[in-house]
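Trainee: Heads up: the protein sequence lines correspond to chains A and B, in order.
Numbering of the first sequence is given in the numbering used here, commencing with residue 1 and proceeding in unit increments.
Numbering of the second sequence is given in the numbering used here, commencing with residue 1001 and proceeding in unit increments.
The hints are simulated quantities; they were obtained by calculation from the structure and are not laboratory data.
These figures come from a predicted structure and were not determined experimentally.
Built from N, CA and C at the ideal position, the CB exists for glycine as well.
It cannot be assumed that every hint is accurate.
[Unchecked claim] Cβ-to-Cβ under 10 Å is the rule here; a few derived chain A residues that face chain B:
id	residue
1	Leu142
2	Tyr146
3	Tyr148
[Said to hold, decoys possible] Reference excerpt, derived from the structure (chain B facing chain A, CB under 10 Å, subset only):
id	residue
4	Ser1038
5	Thr1046
6	Lys1090
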Amino acid sequence: MAKKVLDALVAKHGAAIVKTEQIHGDEVAWVKREALVAVATWLRDDAAMAFDYPVFVTAIDRLDWKPLNRPPSEAWTEGQPRFEVCVQLRSSKHKHRIRLKVALAENDAKLPSLTPLWAGFNWQERETFDMYGIKFEGHPDLRRIYMYEEFVGHPLRKDYPKDKRQPLVRRPDLA
Amino acid sequence: MGVELTSTRIADAAAWAKHVREKQNIVDGATNWGRKFSLFTYPFVTACCGMEFMSVAAPKYDLARFGAEFPRFSPRQSDLLMIVGTITEKQGPALRRVWEQMAEPKWVIAFGVCASTGGFYQNYSAMPGADQVIPVDVYIPGCPPRPEQVLDALLLLQDRIQQGTGHSQLRLAREKALADAALTGHE
Ligand code: SF4
């Protein structure tokens, strides 16, 4: 696909874009957190963009990430942003797609919610919060969606121990 | 009293099983014979094993041949709980509640490795075996088990019912013995 959307985005919001890339034909724009809502609003409302379909929101935890077949210099190190939040959008009118990414530091894992722009992101942002503990500010109802309320921690974070169990009930005779 | 016999107390369970077998009179035997051929199943179906449960229940393998005729969708009307599929920690309270609502005596079959041990779901959400929350009488391995294995498990369970050595039967016998002892004043 041509870089039509990316080019238009950079032309309009160049200051808000950290970098752009194309991965397997998908257009990706790394956006500054402060500018996310402005960029997203423009993507939704501009007639030439018309991103009306919220495909998904998710996150990536880069803790101790070592990419295969790539130089060790690309591995994650302390001090790099730990989380990436990905927002995939699609336009059913123009049939084009774009992925927005926001990098977040470990001790500052929050970003503005996009639910006010696309209601379809509501539960997905709750899922991302539940699994990764990323706070979506301005979300109308940011509660856990899969795990129970008693659950402590966020299970898809890389530092959640993989054999840790948090049982709700156990047989009284098996203690 | 109220203590459940578990596989972790095998010696205890074996002693009680022997006691129950020796104490069993002709009326108990006849009752248990009736029970083992009129099981009412409550299918607690949560995952892919459900497909295999359907095939066991459908005409080709036909669970009804062994008297386990009707799946009942109310725990009040059933005495065999079939745990078919993965149990998550979040489901634990619901599973325990369903089991508590069933009429005594009741039996439990863990259908498939997920219900037996958690299978390959060894993670934050899956429960490592339904026997973490309720006692299980017969475990069926397999992912999913073949219908023949399920029928085999049902026959095993029928043996157990006839002998009066299901978990709930043992517990009832034990509670009765303790109550009798309290009544007559000696152990
Ligand atoms: S044992 Fe296999 S078939 Fe059965 S519920 Fe688990 S994963 Fe599915």
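Trainee: All the hints need checking, so say for each whether the structure fits it.
Mentor: For each hint, the structure was consulted:
no. : hint    : verdict
1   : Leu142  : 19 Å, violated
2   : Tyr146  : 8 Å, holds
3   : Tyr148  : 5 Å, holds
4   : Ser1038 : 28 Å, violated
5   : Thr1046 : 15 Å, violated
6   : Lys1090 : 5 Å, holds
Comparing the model with each numbered hint stated earlier shows that hints 1, 4 and 5 do not hold.
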